[in-house]
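Residue numbers (the numbering used here), protein chains in the order written: chain A, -4 to 463; chain B, 51 to 353; chain C, 1103 to 1390.
The set of hints was computed from the structure by calculation and includes no laboratory data. Careful, some of the hints might be misleading.
Unchecked claim - Chain B side only, calculated, beta carbon under 10 angstroms to chain A, not exhaustive:
id, residue
1, 183
2, 187
3, 298
4, 341
Glycine residues also receive a C-beta, built at the ideal position from the N, C-alpha and C atoms.
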Amino acid sequence: MKKQIISALLASVMVLSFSACSGGNGGNAGSGTSAGGAKTTIEVWTNDRHDLDYVNSEIQKFNSSNPDNIQIHQTVITDDYVNMLSMAKSSGTAPDIAGISGSIGIDMNAFADTKMVLPLNDYIKKAGADFQKVTESDDHIYEGVNAVNGQVYWVPTVVRSGTRMIYNMDLVKKATGSTTLPTTLPEMVSLAKKITQKGAGQYYGFATTKDAPFVRCFEGIAEMAGQNRYGYDYVNGKFDFSGFKPIVEEFNKLFTDKSVLPGSPSQGVDAMRAQFANGKIGIWGNASQEAGVFTEQFPVKNFEWKVAELPTMDGKVQGALTIQPEKGYAIMSTTKHADQAWKVIELFSSKDFLKGYLEKGYGLPFSKEMTAAVDTSKTGRISDFALKDYESVYPAAPSITIEGEDMQKVLWSAVMGQRNVDTAIQDLNTRYNKALDSDVASGKVKRLVIKDFDPLHPSKGTLQYLDK
Amino acid sequence: MKLFQKKHASLEDEGKASAWLMLLPSIFLLVITSVYPFIWLFRYICYDYNGYTAYFTGAHNFYHMLSDGIFWGSVVHTFEYAGLKLIFIIPVSFLLAALLSQKILGSSLFRAIYFMPTVISTAVYSLIFGFIFAVFNGSLNSILSLMGLIHSPVDWLGNPKIVMISIIIVALWGGLGNYMILFISGMGSISTDVYESSKIDGANGIQTFFHITLPMLSPVIKVILMLAITTAFKDYESILVLTNGGPNNRSQVMFTYIYQLIFSSNVTPQIGYATMLSVVAALIIGVVTVAYLILARKLDDVM
Amino acid sequence: MNRSHVIYSKGTKTARIFIFLLLLIIAAIMVYPVVYIVLGSFKENMELLQGGANPIPTHFVFQNYVQAWKQANFAVYTQNSVLIALGVMVLTLFCTSMAGYVFDRKKFRGKEFVYNLFIAFMFVNVGSIALRPMFELAVKVHMNQSLVSIILIATGTGQAMYIFLVRGFMSSIPKEVDEAAKIDGCSFFGIYWHIVFPMLKPILATVALLSFRGGWSEYIMPLVFTMSNDALRPLTVGVVMLKNSGNGAAAWNIMFAGATISIIPIIIVYTFTSKHFMEGMTSGAVKG
Chain A
-4 MKKQIISALL ASVMVLSFSA CSGGNGGNAG SGTSAGGAKT TIEVWTNDRH DLDYVNSEIQ
56 KFNSSNPDNI QIHQTVITDD YVNMLSMAKS SGTAPDIAGI SGSIGIDMNA FADTKMVLPL
116 NDYIKKAGAD FQKVTESDDH IYEGVNAVNG QVYWVPTVVR SGTRMIYNMD LVKKATGSTT
176 LPTTLPEMVS LAKKITQKGA GQYYGFATTK DAPFVRCFEG IAEMAGQNRY GYDYVNGKFD
236 FSGFKPIVEE FNKLFTDKSV LPGSPSQGVD AMRAQFANGK IGIWGNASQE AGVFTEQFPV
296 KNFEWKVAEL PTMDGKVQGA LTIQPEKGYA IMSTTKHADQ AWKVIELFSS KDFLKGYLEK
356 GYGLPFSKEM TAAVDTSKTG RISDFALKDY ESVYPAAPSI TIEGEDMQKV LWSAVMGQRN
416 VDTAIQDLNT RYNKALDSDV ASGKVKRLVI KDFDPLHPSK GTLQYLDK
Chain B
51 MKLFQKKHAS LEDEGKASAW LMLLPSIFLL VITSVYPFIW LFRYICYDYN GYTAYFTGAH
111 NFYHMLSDGI FWGSVVHTFE YAGLKLIFII PVSFLLAALL SQKILGSSLF RAIYFMPTVI
171 STAVYSLIFG FIFAVFNGSL NSILSLMGLI HSPVDWLGNP KIVMISIIIV ALWGGLGNYM
231 ILFISGMGSI STDVYESSKI DGANGIQTFF HITLPMLSPV IKVILMLAIT TAFKDYESIL
291 VLTNGGPNNR SQVMFTYIYQ LIFSSNVTPQ IGYATMLSVV AALIIGVVTV AYLILARKLD
351 DVM
Chain C
1103 MNRSHVIYSK GTKTARIFIF LLLLIIAAIM VYPVVYIVLG SFKENMELLQ GGANPIPTHF
1163 VFQNYVQAWK QANFAVYTQN SVLIALGVMV LTLFCTSMAG YVFDRKKFRG KEFVYNLFIA
1223 FMFVNVGSIA LRPMFELAVK VHMNQSLVSI ILIATGTGQA MYIFLVRGFM SSIPKEVDEA
1283 AKIDGCSFFG IYWHIVFPML KPILATVALL SFRGGWSEYI MPLVFTMSND ALRPLTVGVV
1343 MLKNSGNGAA AWNIMFAGAT ISIIPIIIVY TFTSKHFMEG MTSGAVKG
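Given only the sequences and the hints, what does the whole structure look like? Please build it.
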């Protein structure tokens, strides 16, 4: 009732509106997506801008040639993508399909529970052998990432590698006299120190940023030491962060040695990339997207750079390294054109589309078929980041509501030496388990237990969801 | 006289309807943009709401708030930020306004330059200050060391002891022109005749300022001060971009914290708890405003 | 004498020079970040990100502007920004001049309550969380796909401040002026329209300038309201989006170019209004 009054008022003000306002209205009407005749417009949202040139040109081809009269209209949203999506859904303005990648932080369980998106299993079954060959969708079912309880919500078409370390070989040679790269974390920390000493303020051994890439190499090294990045103990269904301790302590040395580029913990990733390309940083950790960065965006000219696997703690790989399945599309449950939407997804998952996409170096192939199809001579340095056999995807830990700071913030401040590592880990264990218990009790999440969990093959276990 | 009063009264009646009518557009906008969202808040105050499903948790959000060290830290930082910002921005912008409403070479150019920052959106200029504040090879550090003012690079945004100052610098840069314009327009309302007569009386510049400008401006100053106070307590966009509340929550103010609870991508959104904190934050700013209003009235009596 | 003498001073020559130098130094500080943006917009992305004391590009890359204009649909964004800013300005002038006048000159029951409501909601700022209910409301009345809702909300959230300014200014205008008009038989609205509105010119010039600026630099709200329609985005949203690129490094140089483009129109507007603004000031506002 209240809203009706408000809308009546709103309408009356509109009538009395100003010329400027009606001008705005007019501009709007002219630019709307008018679908003439029997054409069906499929609205697609994506948060990727880097591949836009290629994707747009493919969309144009499709729009002018497809036999089903489908028009794809793509909108790029790069800020607060997930929030925008949920807000659009709750207000009835959601697109037909939404581009999703593993790295954008969608809470898939919540998406599935609230029926934001449609399960694609039937479509995948009907799609036939080619779709299966190109995407290997039956093998890429990751609980809490693209699937919930056996229902698949999006099919990744490309993958981002796990984190790698990238070395400025000139600086390594200058500091050690050899080109041998470290295989363990302590070796890497001491290399960073040597480079920094040699640099005498002109360049430094290591660099962080205020957010993701540093966390990625920190988490990656932890994962390969058997401590998964969620801090979740899948076998017992509770949180346990104690495995982070040795890694925190080792990383902390980078700071106490002053091997880190000054100020980099408060800077963005791009500034650090530019500094690396400019020869100011010896060791830089990030994943396959750096291939394009250091060849096209910030081409490295004056030194040789090498991509190496993450160092381990003791030379042994004890857990899988997370990779990010990317470039999948989910059908929003509010769509009126689910079948046509699927046709669009098939376009984005077709061999031709992906071959062109992958050869531009936008990502790594995620199936044998595509790996074979891609002409690696065209992809440049991205082949340096090719997947390793110990890389995989972990089932998402229950997304709980934590009171206070999250694990990344807490562990980060322990790394920076702002708090004691033991109290930090204890604090995390207490708060995360308390939140898990209370969220399970209130029915908000279910406790995920994988009795036969194998850290080297995290997606292969038998899932169990418990109510307590 | 009696006749006059009668006519007066009927006019008042006639004016009453038109008065309400003239207020209507403002009231309507107030309702949709302020009252309604505020009432909406209370819908989730007792819930744990992640944007998809709301779970009733009773008074839990309240107790959580009481024991939330980061929030109370952010309250302290809000006062610190607002206090520092006001101490600098009000006198400086007032002084600039006073100087620039004089006949000075290039005064309109100066006005344009001082006002310029305020037309750039906060999101954009905060990103640019991120560049200027960069430690290694940063623009500000390079300039300062060329001038011989510093010997080793300053970690403007990463050093917990300095970060507040850096944020204040950005706030001053972005807000100075705004208050300067307000003061100038307030000064414009003082009649030139008053100055002419003071000139005849032989008052010098300082005397004119304290005996004429300041008292005549006091109603305007009061309004501007109140605006400045409420704005200073509500600033968060720039801090969000510059430091996101870091390092180690040192620059966390109330509204950056609330924003993170709703929009952070690392953790599940806590909209219910954020509404609780929003209400408390509103109350805190309310108390400050009321305290100021009382103080201003007291000052009026004294003057 | 055509300027108001806030500090009336005969001014010794040295004092004047000192003041001038002071103004010059402050101007340099104020202008530096803007210069940084403008010069940065001609740099290669890598050069921009490497920093250093020298703000001048090693060679000028005009391509940044071409790309910003092409990639970002800038013509449309600029048009949207102008429409939003103009809409906010006109609506703000309309609403706040009337409200300020009524609040200062009228006594009636409920006035204090409404006035206090405005005061109250000036500090009850719930920040970004308020966007959610407003967006849902706009969707319900089918106005989420239009600039009108952005204009209404931007006006609504900013108006309290201007109402106070107008009211404050109003109180400095002697009541005798409208009393006289009243005796002449003017209605309450008539007084506003014929007498008060013209006299409010100096403060309304300020309100116009500030509200235009407000509408122009609005960021988070239009970001939310235009999320599903690229053709409605204003410059602020478009500029920040230029930088983001999902994977890989962001195109900061393109964003700088976009930011430069977005500053130009408002500077023109400022130059234009500031003239009127000065007129208002020099007219002495109120000849008591």
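Hint-by-hint comparison with the structure:
1. 183: holds (8 angstroms)
2. 187: holds (8 angstroms)
3. 298: holds (5 angstroms)
4. 341: Violated: closest Cβ of chain A sits about 31 angstroms from residue 341/B, beyond 10 angstroms.
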